[in-house]
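**Student:** Each protein sequence line maps, in turn, to chains A and B.
Counting from 1, one number per residue, gives the positions in the first sequence under the UniProt record's numbering.
Counting from 1, one number per residue, gives the positions in the second sequence under the UniProt record's numbering.
Hints were generated in silico from the structure; no laboratory data involved.
Glycine included, C-beta positions come from ideal geometry on N, C-alpha and C.
Hints are not guaranteed to be accurate.
Short, incomplete list of chain B residues facing chain A, as computed with Cβ under 10 Å [as the list claims (entries may be wrong)]:
hint, residue
1, 179
2, 183
3, 200
A few chain A residues that don't get close to chain B, going by computed Cβ distances all over 10 Å [to be verified]:
hint, residue
4, 3
5, 8
6, 54
7, 64
8, 140
9, 148
10, 171
11, 177
12, 206
13, 210
14, 217
15, 251
16, 253
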Amino acid sequence: MVSYLIFLLVVGGIYALLAQSLCLAWGVTGLVNLGLAGFFAIGAYASATLTKWGGVPVPLGLVAALVAGAVAGFVVCVSTLRLRDDYLAIVTLGFAEAVRVIASNEIWLTGGTDGISGIPAGMPRDWGQRFHIISLVIVTILLGLVWLALRRLVASPWGRALRAVREDQIVAAVAGKRVTRLKAEAFAIACAIAALAGALYGHYTSYIAPEIFQPLITIYVFLAVTAGGNGRPTGAAIGAYILIAFLEATRFAAEIVPGVSAVQAAALREASVGIALILLLRFRQRGLFPELNQKAPA
Amino acid sequence: MTIMTRRTALIASASLLAMPSLARAQGAPIHLGTLTPLTGAGGPYGPVMANCVKSVITEVNGVGGVLGRQVQLTSEDDQTNPEAGLRAARKLIDIDRVAAIMGTWASSVTTAVAPLCWENKTFLTTVSGADSITALPHNGWLIRTQPNTTLQGRKFGEYAVELGGKKMFFMAPQTPFTQSQLANMKPPIEAAGGSIELLIYDAAKPSLRTEVDQAMRARPDIIILGGYTPDTTVLLRDIFRAGYRGKLLAYAYSVNQQMIGSLPHDVTEGIYTLAPSPAQGSGGFDRVKRIVGNDNPDPYTCQIYDQVNLVLMAMAVGNDATGQGIHDNIRRVSQGGGDKVDNVMDGLRAIAAGKKVDYDGASGPCDFTDAGDITDCKFRYDQVRGGQQTLIRIA
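Next comes chain B alone, as it looks inside the complex (with noise of 0.2 Å):
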């Protein structure tokens, strides 16, 4: 009886969700975009994102797609190239006619393709930490769901202070989060009576001991680490060697499962991680983890399952399927109460319904300020013990 109705609702539904298209009388295909990179420096990341938002949309279109009309994606390469980003946002806007262009990775990629996405009326949803990309002008036409660096860095302070740091020494690549990373770091390590250097390093060095030997000298309690995946490898590799017996504390991002598989124990053991929660344990992460088949998703791949969500019901909401729909209404599906649905399934049968609701995704709440930063967001704690990401907290 239970499944009858069940079906009977689902049926019903989607008959709604037809409706709109039977009225237009034809459905042409909506049009998305992602803008990740599928090689180069964000060649780990990007692959795995234009997935989970194909494996989304298929979803979506298994029922009728939204608004009547299936949702058709077009996947392109940023090359991790700002240059070659912009060509390719380029050809998303003029040839394919996207409404929204998901997942920008490099903070430079990203503020290249930013002005192309606002002149001509294109949602732009980005990944990208960098404090300077929602100070650009974009009126609106952008959001991210990586938290700012200002709140990034505040938390690695306060936490490297929590773990009885006195000298920090902070290593990282030249990135356009290094310096804001640095500064706000700062006033909760001094305010503790502790002390903060950096190093600056060449990540595409293939070794990286003479800046390690750098960092000791300077006898630090803790090493913070701020770069990517492959230069951190190297740099583990040559912190061990040199004899260290500190803490080192580092993004999960880069520190990641991948990474503590491929090093020994003995590099890895002990490794403090700090991140951006994905929202463990929550109905969205869950999703995430079942379309990567992993369970350790990172969070650029939750952030990006959250974008595609969010603009999806977007359009629903609003019922227009433009950047300018999008634009207009994203911050009525995203906040301000209602249902809490944790998919766009669950979000647009709610919307059919004539319900309010709001988002709560995979990488957490999900609600932006004006600017488009994100106005919360849980931190995850966890600890390398025996070759595995072990949790201490989320707070």
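Chain A extracted, bound-state conformation (with noise of 0.2 Å):
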């Protein structure tokens, strides 16, 4: 039970982690990322190669995957300047695909469709709770930072610029900011984020493969912060820990309904989820922790 616990507050944290990426982009800065679930391949990849065929400790392969993450998403912003709304929607969703189908063929770089297993924690698995306990330390102290440094920056007269393209990059650019930089600024920190959740998920499971990074990661995430409120750090961050708790009070859930099949139960799971943010979206529409106009210096 336990440990069970422990394993959904790292895989929880890993999400939140993702979320932190989404609510920047996209809360924050109006990009609709649809192709979170390549950036955090990409950096669940970098790591992963580097640290199991490279010999490179782990901490250096987090660092390479938020890297990658960045550089990944500064070429991704650079190449979009013109597209906003669906259109970037549409562009970063065949991204994140591409990313998926490159993983799979290009075999000699990333292993193919078989994977990468075995990938290194940088301590032993064999510790049993205390390795759980420990990844959940890790994950749960880098969240923090990233949440914090998160609040900071939206707070800042850099997120005010950055919530002004949101609102209007036309308006922005009269104001004289600098749109594209912005843009291109927001996104690649916000892809950086992505990918160290991915070097993270890698590093804590042992094994990736091409078929983990479907859309449907992106889309649980885009509910999590969705629920949680998309412009704030905090929302996000507790969004994806109520998604999480809500995918597996499912499973239980699920099996006190009486007379249901395996088969339907699982539908069932899959149903809920959508009524629940129909429910939310009706009764609180802009998520559990709602935006706070700042209010101007008297």
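The two chains are supplied separately, each in an independent frame; assemble them into the complex guided by the hints.
**Tutor:** Below is the structure:
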């Protein structure tokens, strides 16, 4: 029971990191990033290949993931400069699929669809409970740092400028904000955070494969951020934990519904995620932690 | 009179089975889990598999369970996704405390879940075919009933040569077994002076016409299809539209009766299929047919039927209902001679009577190497004729 809960808290923390990424790109800057799973994958592969085959220590692998994510995010952002809204969403979705197809087919680089198993964790896995607790501490600390940094950034003048870009980029440009640069910065930082989450996932579970990085992950994180409130790092993080708790709780709920077969229970679980989202959007459009208006200094 | 003796025998065996529970004073239920894809790409297969296990366990519970304890089954959904599968496996292991997880289907899910199983002394039985799985450092904590790709690839190559092909064209999505299948098809084909080309396609595409045109340009005698049912359906339509007149060779689990029924006869006529043979005509296979209510159960259902039978008997023979018990004893019931049994009910009776059993199941003889691969497997050769899969031979 305890190890199950610890495991869920680690996975929740990784989802919360992804939610931080989406909060910055989508919630604050208004860049709909449907390619989150792709950046998650880039980070996972960058760190896994370097540490497993390159013999690099795990902390360096995490740094490499951050760099890889930022570079990929920058490239995607500058190549889609003129796109906003739906168009950017489609392009990023396509990008994530491209990453997955490349990961499946460039076998020399990524191990192909076999994936990479036995990724080092930087500590012995046979420590049992201790391994999971230390992992939980590491993931939670990293999440805390990202959360703190993001809160500071969002509250800073830079964050205010990002929100101006989100609301109307022409007005922001007229007001002298360098829109392109702001968007590229925000997107690159957001992608670096997603990549960090990917690297942590790989090191914790010891196995990554292209099939993990399906659009489903992106959708889940969108759900989490919508539930928590997309403009606030706190809301996004709590939304992610709620999402994991909800996904797991539906397992037990489906078991006590009488007279349903396993496959019906699985379908009910998926339906309940949709229903919860509809209810949330009906009664709390701006999420559990709506964005606060910043008061102008007196 | 015969009825009387049979009944007495039944009562005797039932009481024999019940004895250990009396000795323990209380029989806490034994927990087993299935982790099959109930949604996602494996959705057509997983639900039938989970139901098959459920019905075997219901039958066993009807006569008092195993070691005098009832067996409780929890069926989770891996969503055909390693991340979701991992969470589900964690729940099965930590909350339900299952002794074994059965039926992981996608190779990526199996690879993700396997370390969790061996770290937590939970036995894993799988139907995934990728060669890499039994090469994991699992120390005997997993078995698979699916022949590995090395064997399947060779059979495909040999059969293509036998069908008189010189220029073969292999079309498949990228999966963990595509490359190894090609590598193993090659030697028999090249030894016969033939050649084979590979084309990888994206299984999610709604039309594969470009890929088919590319195949046509090579003017193949035989096109070998390596996908699953949904993408092979798309592919077959486009191959028909392209006016291809050569031979087609496919896996029987993708070109199955369901798919043949959903396509016009012209499209499917003459397709050769090859599959690790369920032990057609064996007692185990007949039982699976009855359980799923279908004359042509898919190989995965036959395999998971064997897995649950083996797991239950291993518990009984070792008098140990834990993962460790299954790990230590599964080969005592799967191989090594003794009374041939094809279902757990007979097996439990024989074990209670102190006999050695050797299980031959619905999917084959179910004998395992130390790495967890099956040692022997028959293959079934069919051809689609007039909308029906017609048996050519089993060898």
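**Student:** Would you check whether the claim that residue 140/A is not at the interface survives, using Cβ distances to chain B and the 10 Å cut-off?
**Tutor:** holds, 18 Å
**Student:** Mind verifying the non-interface call on residue 64/A? Its CB should be farther than 10 Å from each CB in chain B.
**Tutor:** The claim holds: residue 64/A sits with its nearest Cβ about 22 Å from chain B, beyond 10 Å.
**Student:** Quick check for students: does the CB of residue 217/A sit more than 10 Å from each CB in chain B?
**Tutor:** violated, 7 Å
**Student:** Taking the shortest Cβ-to-Cβ distance between residue 251/A and chain B, state whether it exceeds 10 Å.
**Tutor:** Nearest chain B Cβ is 6 Å from residue 251/A, so the label is violated.
**Student:** Beyond 10 Å from every chain B Cβ: check whether that's true for residue 206/A.
**Tutor:** violated, 6 Å
**Student:** With a cut-off of 10 Å on the beta carbons, see whether residue 179/B makes it to chain A.
**Tutor:** holds, 7 Å
**Student:** Is residue 177/A truly not at the interface, in the sense that its beta carbon sits beyond 10 Å from all beta carbons of chain B?
**Tutor:** Consistent with the label, residue 177/A stays out of reach of chain B, its closest Cβ about 39 Å off (over 10 Å).
**Student:** For residue 8/A, which was marked as not at the interface, is the minimum beta-carbon distance to chain B over 10 Å?
**Tutor:** The claim breaks: residue 8/A does not keep its Cβ more than 10 Å from every Cβ of chain B (closest is about 8 Å).
**Student:** Can the hint on residue 183/B be confirmed by a CB-to-CB distance to chain A that is less than 10 Å?
**Tutor:** Not OK, violated: residue 183/B not within 10 Å of chain A, min 12 Å.
**Student:** Can we trust that residue 253/A is non-interface, i.e. its beta-carbon lies farther than 10 Å from all of chain B?
**Tutor:** holds, 13 Å
**Student:** For residue 171/A, which was marked as not at the interface, is the minimum beta-carbon distance to chain B over 10 Å?
**Tutor:** Given a closest Cβ separation of 41 Å, the condition holds.
**Student:** If you take the shortest Cβ to Cβ gap from residue 200/B to chain A, is it below 10 Å?
**Tutor:** holds, 7 Å
Violated hints, listed in ascending order, are 2, 4, 5, 12, 13, 14 and 15; each of the other numbered hints is respected by the structure.
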